[in-house]
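J.: What follows is each chain in one-letter form.
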Amino acid sequence: MSPNTEVWQGTLALMVLKTLETMGPMHGYGIARRIEQTSGNRLIVNYGTLYPALLKLEQEGHIASAWGESENRRRAKFYRLTRAGRRQIAREAADWETATAIVARFLSPRPQKEPS
Amino acid sequence: MRAVRAWLIRLATTLRPGRRERELTDELESHLQLHIDDCIRRGMSPEEARREARLRLGGLAQAQEDMRARSRLPALESIAADVRFGARLLRKSPGFSAVAILTLALGIGANVAIFSVIDAVLLAPLPYPDPDELVLVGEGDDPDRVTTTSYATWVDWRARSRSFQELALFRDWSPTLTGGDRAEQLSGARVSAGFFRAVGVTPALGRDFRPEEDAPDTRRVAILGHELWRRRFGADPAIVGRTIALNETTYTVIGVLPASFDPLMIEATLGPRSADVWSPVGYDAAQPWACRSCRHLHVLGRLRADASPATARAELETLTAAMWREHPTDYADAGVSVVPLARQLVGPVRAMLVVLLGAVGCVLLIACVNLANLLLARATNRRREVAVRVALGAGRGRVLRQLLVENCLLALLGAAAGLVPAALLPQVLAAFGPRIPRLAEARLDVPVLLFALGLALATGLLSGLAPALRLTRADLHDTLRDGARSSAGAAAGRMRGALVVAEVALSLTLLVGAGLMVRSLARLLDVPPGFDPRGVLTLNAAVVGPRYEDDAVVRRHFDEVAARVRALPGVEAAAVASQIPLGGNFDGYGVHPEGRLAANPAQDPSAQRFSVSPGYIAAMRIPLVRGRDLAATDDGGAPPVLLVSQTTAERVWPGEDPLGKRVKIGGTDGPWWTVVGVVGDVRHMRLDQPPAMAMYVPYAQFPNVDSQMILAVRTHGPPLELAAAVEGAVRSVDASQPVSRAVALEGFVARSVAGRRVSLAMLAAFAVVALLLCAIGIYGVTSYAVAQRTRELGIRLALGARPGQLLLAQLRQGLALALAGIAAGVAAALGLTRFLGSLLYGVSATDPATFAGVALLLAAVALAASYLPARRVTRVDPTQALRAE
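Sequence order for the protein chains is A and B.
Reminder that position 1 of the first sequence reads as 1 in this note's numbering, one-by-one numbering, no gaps.
Offset between the second sequence (1-based) and this note's numbering: plus 116.
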């Protein structure tokens, strides 16, 4: 994969949820940085699209937010995973695995047995 | 579900953005701060850090806009803005708005009104479980006409048929309820034990009839209708088990029907009346009236789920054919009719409602065309506004949407105003119109309101689309550069011309329809009914009870009634008859002429039989054509005689002298009856149906006397003024016997054409509205054209044109449009008027006189509507016109 790819359409939500699951409550900037770090800095999060995505997840009830103070004493909005969000991770992860498995079949087709 | 939650939150934020708005900005600023801190920690200068942070966010304003879009519902917001803008514009031109809203209120209101009636009468399912399974069954070769059958046939059908869950009998029953302060004649029905099971209704109090109660000696049980129970018995919950006196016989009340039960099958077969009291038919095969040719019973069937009316009819016809072979003289053929109850109920009014729906559809189309015309006129003034908005970056779609939203707003306001007439129509129809089954259920309910909403939006889009498209297509540069007058005006003029043509064509179609119906009604009112209804009072007089079981007593009673009424001052003549014209019923009897008896008497012709007292023919002024009238001397001791109508004489003895001929009546067992006179034909059932065969027999000679007779009294003054005196005279003979329904016979005639009159009045009203809208449209187009051409006209005048010439040219233009519209309208009307079908009488659907008259009328209206504004041409002052721009 070429270095510095933008996050693919549709996967940002799953990454945000998974990050919150591993790291606990975080603010938007923290989530973005964490996603980039997790990808070994091969992904670039477009910060402009991150916030509408967070808003959507919050409207759907997968995450909740509250204002708090950052590690270097800045006011920031912190997001945490809700119970619905946890269930959503399981669902989306399963979907994602199915999708990648299907793509993988196309990339390395196994010889199929001739029908008898 | 999650999506709904998100949508609701966005909706809430759209409505109350305040706090959320600030939070979005705060969060983005906090993000920038965190990012800058991070960059500085990694060794950037503050300026570099700030630049980097803003760059990665993709611009603060853009990010804010993206978040705002996600936090609210932008589509809804901009529509709301369009609505606010539209409302402001409508308020700014109140004249235009009022005309447009009124036009639409007429168009939409008429449609919603008719739809609400159609929804209740034609579309709503009948108020019974699985109403599609209910059918009316009878003998007869016309599969679509509801007929009756006999008890013996019903017994065989019921035993042998596999198509029905239940086949139930019912017949007319009008018992007299005594025991209160006065005798009251009820309307009710006698039914077989399975009737209510077939309908799918169970009594609210008490129980249903049991099969063993449906027999001659056990049938003294009654089920009351809810209304009668409330009115006469004070809704007494202990009524079950009590006894009541019907026809001076004791009946035990075993049940009360629920209030929701509406006996529509009675109305569908026996005419416009309800049924308040029910009792078993209680026949058995031994009774004379249970005979195979005694066809006076109606049958209601509930089909099995796997049967259809067609398959049921096929099965019954096979069964009847077998019965015909067993009893060859009791059937004329093996025909059976199976008619869905719903169709029978609404059949007569369906045509009228469908025609009216077509008419209001036309009115709405004309209203749309008119509105489109108004909008086009206004569009010219708004070209600049639209051009400026496009120049400022509004997309064409966005502008188009704004214009359409504005229009839909107009249409919605129009629809709201139109709900007022729509709410009133059912009441107006109920008060003045013909009896329409289930009309009372017509109201502005959810489906009707949805219809109104849909219609309003469709109207808004339909009338607004063309003008809006034109407006947004206008050339931006031209418009901005030289203001109004440019080549675009010519195209708009052509479009407006086309609209006028459409409008004239639609109006013509409607007017032709209304004109044909006016001529039908005129023809119908010209039809001689065969008797003179003016100045005749009629009353129902019945005799009931054990004292009147002897026919001789009954005859003496009615003789005395007629004599006492005749003696009243102000009475010219009085007589009794078993049925009177337009009263809604008759008795048919076979006519078997001497020397020509058919092998199967069931195949002989049947005639309406009227059992009358002497003097009836004279009292009704039915003309005596030949021979003599019935006389008091034609009594039980004299040889039987009768009068026949002209139609009867011509059909039974074509080319022969009917006087002195002899017939047997209702079977070949009875005595010979001698024809002593021929009387004129009477339209007995309806004015618009040709007279049927009729015969008049003296009730003193007819073997069985009807226990209910109609008293016909010819008075010198207004008939109803004598009603009380006549009722008193009847009661003076026997006060315990009921007298009811004193009405002027002329009222029957009026009622028999009421349906036509009302549908005609409505169609005419719609046609007048259409004509008015059309005149307004032509006026508008002409006056606009004149205004547009002021400058050109000024030049022409300055160059020496005479004002008269210009006026003529202008008129010619208006008339050309009208003529094109008339031509198109005539073509459309020729195709459409045949759908009026049964609503027409004595006039062809393509009646040339009506078409010509309507075309002339429209041409005259068009000329007048264009003359008024065109006159202004002559008043143009050349110097002023040239200076104007």
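Just so you know, these hints were derived from the structure itself, not from any lab.
It is possible that part of the hints are untrue.
Said to hold, decoys possible - Computed footprint of chain B on chain A; a stretch qualifies when at least three of its residues, placed anywhere within it, have a C-beta under 8 Å from a C-beta of chain B:
hint, segment
1, 12-26
2, 35-42
3, 73-80
4, 91-102
Unchecked claim - The calculated DMTMM-like cross-link candidates involving lysine to aspartate or glutamate, where the alpha carbons are at most 20 Å apart (straight line), are:
hint, chain 1, residue 1, chain 2, residue 2
5, A, Lys-56, B, Asp-142
6, B, Lys-777, B, Asp-822
7, A, Lys-56, A, Glu-97
8, A, Lys-56, B, Glu-139
9, A, Lys-18, A, Glu-97
10, A, Lys-18, A, Glu-58
11, B, Lys-777, B, Asp-720
12, A, Lys-56, B, Asp-198
13, B, Lys-777, B, Asp-804
14, B, Lys-208, B, Asp-642
15, A, Lys-56, A, Glu-71
16, A, Lys-18, A, Asp-95
17, A, Lys-56, B, Glu-181
18, A, Lys-56, A, Glu-21
19, A, Lys-56, B, Glu-193
20, A, Lys-56, B, Asp-182
21, B, Lys-208, B, Asp-198
22, B, Lys-777, B, Glu-766
What the hints assert, rightly or not - Counterexamples of contact, computed for chain B against chain A with all Cβ distances above 12 Å:
hint, residue
23, Ala-122
24, Leu-148
25, Asp-153
26, Thr-263
27, Arg-589
28, Arg-650
29, Leu-931
A quick note: this is a predicted structure, and the numbers were derived from the prediction, not measured.
For every residue, glycine included, the Cβ atom is placed at its ideal position computed from N, Cα and C.
J.: Going through the numbered hints above, which ones does this structure break? Give me the numbers in ascending order.
T.: 1, 2, 4, 6, 7, 12, 13, 14, 15, 23, 24, 25
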